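Input sequences plus hints: build the corresponding full structure.
Taken in order, these protein sequences are the chains called A and B.
Residues 1 to 437 in the UniProt record's numbering are what the first sequence lists, from first letter to last.
Residues 1 to 298 in the UniProt record's numbering are what the second sequence lists, from first letter to last.
It cannot be assumed that every hint is accurate.
In silico contact screen, one side only, chain B against chain A (beta carbon under 7 angstroms); selected entries [to be verified]:
| # | residue |
| --- | --- |
| 1 | T104 |
| 2 | Q105 |
| 3 | C160 |
| 4 | L241 |
Which stretches of chain B does chain A cover? Using the computed rule of at least three CB atoms under 8 angstroms from a CB of chain A, they are [claimed, not checked]:
| # | segment |
| --- | --- |
| 5 | 53 to 60 |
| 6 | 120 to 134 |
| 7 | 137 to 145 |
| 8 | 162 to 171 |
| 9 | 197 to 211 |
| 10 | 223 to 234 |
Since the hints were made in silico from the structure, they are not lab data.
None of the values given here were measured: they were computed from a predicted structure.
Here a beta-carbon is modelled for each residue, glycine too, at the ideal position from N, C-alpha and C.
If you want the building blocks of each chain, they are given just below.
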Amino acid sequence: MSTQLTPILTKFWDHPQSWTLATYEDNEGYQALRQALDTPAADLVQAAKDSGLRGRGGAGFPTGMKWGFLPPPDGGPRYLVVNADESEPGTCKDIPLLMAAPHFLVEGMVITSYAIGCNHAFIYLRGEVVHVYRRLMRAVEEAYAAGYLGKNIMGSGFDLDITVHAGAGAYICGEETALLDSLEGRRGQPRLKPPFPAVAGLYARPTVVNNVESIASIPPIVLHGAEWFSDMGTEKSTGFGIFSLSGHVNRPGQYEAPLGITLRELIDMAGGMRNGNRLKFWTPGGSSTPLFTDAHLDVPLDFESVAKEGSMLGTRALQIFDETTSVVHAVSRWTDFYAHESCGKCTPCREGTYWLKQIMKRLEDGKGLPGDIEKLDDICDNILGRAFCALGDGATSPITSAIQYFREEFEAGMHTPWFELFPPERSTLFAKETLPA
Amino acid sequence: MTVAHNTQGDGVDRHETMFAESPLHPQAPLQASEEPYAADVLEQLEADAAAIVARYPQKRSALLPMLHLVQSVDGYITGRGVHFCAEQLELTTAEVSGVATFYTQYKRHPNGDYSVGVCTNTLCAIMGGDQIFDELSDHLGVGHDETTEDGKITLERLECNAACDFAPVMMVNWEFFDNQTPESSKQVVDRLRAGEQVAPTRGASRVCTFKHVSRVLAGFPDGLADEGVGAGEASLRGTLLAREQGWTAPADGRTPPATDTEATPQAQGGGVERGGYGSVNAPGNEPDDLPETKEDGQ
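And the structure:
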């Protein structure tokens with residue numbers, strides 16, 4: 001039987017007031033919290049481990065294990081910080097989740113905070129989505145009013161405050177230690193690890209940093225059981241996740257499915273490729289994950305299978321490009337992005353992305369020089385693994401994978417501009433409006 | 001910028017070809033306005049700053065929201081705003097400027113009433129964002145990070161704004177305008193310049209001004225959270241397909257707990273009204289135009 005969708009976090013997004021506490025409570029909302037507050041904290045951490053839930057923010061680190069890394073309580077504060085700085089190109093799951101059903105996150109944060117012994121939790125939301133910030137502030141306010149936040153939550157003796165914090169525009173703040181520096185009121189630059197945030201995080205105190213979707217998955221896991229969750233997905237990539245399809249498919253959107261579904265199945269659900277065109281290349285998990293081609297349509301989208309084929313599951317950000325698209329142009333634009341967003345702390349990333357951008361630009365313009373392709377590979381080799389965080393590594397992924405699969409297009413960049421090979425008006429959403437049939 | 005020319009040793013100066021294009025995000029210096037705040041403005045700023053500081057265990061954490069607050073008054077990051085933040089948080093002005101110049105949402109020169117940002121990251125660019133930006137730029141007569149002479153519109157190129165399934169995307173004061181075309185985007189800016197109310201695709205019932213939105217981003221709700229849709233068309237496609245096909249998440253085999261949706265004692269003792277507007281305004285917040293009733297806001 002082919003894979004079916006599993007609407008859990010996305011189940012009631014079409015309710016006319018999906019974001020309110022009342023709607024959430026009509027859909028099992030805060031039932032898990034009641035159960036959790038009657039459970040020893042250590043059992044909740046164990047349940048998270050047993051579920052096999054792996055971080056939904058890209059790296060896929062086991063969530064329960066991350067909680068378990070906190071040192072024993074020393075009487076001082078411990079923090080939970082939710083990473084809602086969704087900015088990876090192609091990634092668009094947390095923002096609609098928070099717009100449509102923010103209480104999944106709030107309930108998940110209360111349960112998680114109780115499990116790890118935290119009394120003040122933070123949501124770091126990217127600043128460029130003002131209506132989502134309104135919805136989050138409103139959800140937190142409703143939760144306080146209902147007694148799900150504040151002092152002595154539901155008579156349990158457990159106290160929790162949540163602060164919703166808006167960032168100010170910086171991709172790097174999605175990196176967990178840069179996020180913590182930013183939340184402390186500094187430039188968002190990554191820290192050298194170790195120490196990891198579990199030992200010295202926010203204000204140098206033990207801190208858990210988790211992605212929105214990871215924490216939002218906690219209430220269903222607590223309510224229905226770790227086994228219910230781990231029965232979905234594959235053996236090592238358990239559970240469900242939101243798959244975000246964008247680009248040249250007929251019905252781009254959010255598709256919540258067990259891990260291990262394939263792109264072929266998802267494109268079928270999304271109504272096929274636009275105009276029946278051929279799939280040319282795609283990203284399995286955002287622009288920082290090496291490109292795949294139509295040869296990878298049947299790769300199960302779980303952490304292990306995608307890694308085995310040389311890429312990463314990342315955030316399940318499936319950006320789909322058809323045969324009208326110039327891969328050199330696409331990669332060049334991503335390279336601009338990394339050069340712009342490099343925070344400047346580590347030399348290989350700061351300087352390397354700058355020079356990658358110059359070379360990609362001349363290849364795009366059909367003015368590439370002999371040796372440019374080798375030079376790209378060489379610069380990438382000098383960035384990869386040589387910076388504090390993964391931004392520099394991410395910058396190399398689209399370039400090295402595109403050269404691997406589409407070298408002839410880079411060679412064409414020695415003499416022919418991309419827009420002559422791939423007229424851009426054929427790729428747009430409104431291509432029908434501007435082109436005669 | 002110092003660049004070694006002619007590194008290929010073939011006598012051709014490539015400086016022109018490599019740098020003929022202006023950089024994606026040109027840097028501009030901070031324009032320092034040192035004119036002091038009026039007494040009443042300063043008093044309000046101090047009250048707001050105290051409310052922001054109270055949200056955090058350590059007060060330096062208040063800096064990002066306070067810079068949004070400065071923009072809600074001045075329309076950009078001014079010298080006096082930098083001084084104000086430094087005094088309130090016991091930082092040096094260099095520390096505050098260092099933060100203010102790191103983040104792209106902090107503006108270095110007076111911003112228009114509406115920031116119009118077109119996503120030109122790869123996916124949106126290919127889906128039409130480049131054409132939209134170029135046509136808007138011609139239509140408005142301004143380039144990236146430039147403001148129209150009437151002070152209404154500041155045009156920007158944006159990086160990915162997490163709405164790729166709605167590509168190509170345009171943001172106006174950080175509200176979503178999905179699935180844009182060159183024509184639709186030009187209509188939006190024309191209507192904004194004419195002073196009309198314009199509704200985003202997913203967001204409040206109309207786009208608020210840059211200063212208004214900056215105040216929200218400082219953490220002061222404006223009562224508009226319950227306006228607009230929960231999810232747009234693309235966001236719902238998986239949800240609706242599953243329902244149409246009868247696909248659901250597996251059952252857990254457990255007995256569902258008794259449903260209890262009664263308000264807790266804490267809530268009954270003077271909590272907020274659920275789903276109403278009366279409850280959402282933090283002290284010190286005076287939104288410029290709240291809807292009169294809940295129905296008006298729908």
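Hint by hint, here is what the structure shows:
1. Because the closest C-beta pair between B/T104 and chain A is about 4 angstroms apart, less than 7 angstroms, the hint holds.
2. A least Cβ separation of about 4 angstroms between B/Q105 and chain A falls short of the 7 angstroms threshold, and the interface hint therefore holds.
3. About 4 angstroms separates the beta-carbon of B/C160 from the nearest beta-carbon of chain A, less than 7 angstroms, and the hint is met.
4. Proximity of B/L241 to chain A holds as hinted, the smallest CB-CB distance being about 6 angstroms (cut-off 7 angstroms).
5. Coverage of the segment 53 to 60 of chain B by chain A holds in this model, with 5 residues showing a Cβ closer than 8 angstroms to a Cβ of that chain against a need of three.
6. Check result for the segment 120 to 134 of chain B against chain A: holds, 10 residues qualifying (beta carbon to beta carbon below 8 angstroms, three or more required).
7. For the segment 137 to 145 of chain B, the proposed coverage by chain A is not satisfied: 0 residues have a C-beta within less than 8 angstroms of a C-beta in that chain, short of the threshold of three.
8. Under the rule that three or more residues need a Cβ within less than 8 angstroms of chain A, the assignment of the segment 162 to 171 of chain B holds, with 8 such residues.
9. For the segment 197 to 211 of chain B, the assignment as covered by chain A holds, since 4 residues bring a beta-carbon within under 8 angstroms of that chain's beta-carbons and 3 suffice.
10. Interface restraint, the segment 223 to 234 of chain B with chain A: holds (9 residues with C-beta to C-beta distance below 8 angstroms; minimum three).
Of the numbered hints stated above, the single one contradicted by the structure is hint 7.
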